[in-house]
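Chemist: Anchor point for the sequence shown: position 93 equals 85 in this note's numbering, and the numbering is continuous, going up by one each time.
I should point out that these hints are in silico values taken from the structure, not numbers from a laboratory.
Here are the computed lysine-lysine pairs in the DSS-like style, where the Cα-Cα straight-line distance is at most 27 Å: (1) 81 with 4; (2) 4 with 47; (3) 81 with 113; (4) 111 with 137; (5) 133 with 105; (6) 156 with 113; (7) 133 with 156; (8) 111 with 45; (9) 113 with 135; (10) 111 with 81; (11) 133 with 111; (12) 2 with 42; (13) 4 with 124; (14) 147 with 124; (15) 113 with 124; (16) 2 with 47; (17) 133 with 113; (18) 45 with 113; (19) 156 with 124; (20) 111 with 47; (21) 2 with 113; (22) 135 with 156; (23) 2 with 105; (24) 4 with 111; (25) 45 with 2; (26) 105 with 137; (27) 135 with 111; (28) 45 with 81; (29) 81 with 105; (30) 137 with 156; (31) 124 with 111; (32) 105 with 124; (33) 45 with 4.
Label pairs and their computed distance ranges (CB to CB): (34) 114 with 44: 23 to 31 Å; (35) 75 with 111: 17 to 25 Å; (36) 111 with 159: 27 to 35 Å; (37) 131 with 153: 18 to 26 Å; (38) 31 with 108: 35 to 43 Å; (39) 48 with 114: 25 to 33 Å; (40) 31 with 133: 53 to 61 Å.
Note that beta-carbon positions come from the ideal geometry of N, C-alpha and C, so glycine has one too.
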Amino acid sequence: MLNNTPSYLKEKVFNIKYNILIGVIILFISLVSPYLLLIFILFIIYTGYKYIKIKGYYGEQYNRALSLYNESAYELAVEVIDNLSIRYKLEDNLHIIKALSLFQTGNPEGFLKELSLIKTKELNNDLDILFKKAEAYTLLKDKDKALDIYNYLLKAFPNSGDIKERIISLN
-7 MLNNTPSYLK
3 EKVFNIKYNI
13 LIGVIILFIS
23 LVSPYLLLIF
33 ILFIIYTGYK
43 YIKIKGYYGE
53 QYNRALSLYN
63 ESAYELAVEV
73 IDNLSIRYKL
83 EDNLHIIKAL
93 SLFQTGNPEG
103 FLKELSLIKT
113 KELNNDLDIL
123 FKKAEAYTLL
133 KDKDKALDIY
143 NYLLKAFPNS
153 GDIKERIISL
163 N
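Can you make the complete structure from the sequences, with help from the hints?
Modeler: Dropping the structure here:
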């Protein structure tokens, strides 16, 4: 069965078997050339860092915020993320979870502000985020920006009656 859950709504897990397999492959390749042994050492260091990050406080709080979001405890999810941001630089996924939580609590301004902190351009391909972004602009009475988003979506989905209705309602 196909899992359509966006990557930012998935728990952080550390796949030990995968990392061991990749490490063994790199080790065998490094036997060909001693210079490639440096790649193996760097992989071990990076894997250790990743393990500590996922299994440590950051990963635990990340998964807690995600769980709270999935349980519709949006205010608590925002609180956990805000507390985490005091100690760590947040990754884009946490900004997205916080933005979605702010949207669900009726804070379109906070939603848009949090989205502006995200570095990735992949959000321009996320229909849920784009619809919520357009709705947030509509709630803030910024019809031009909302129309820009709906027109962008209409180019991608020219037969969508829902998008056409939203454009008409804004005009």
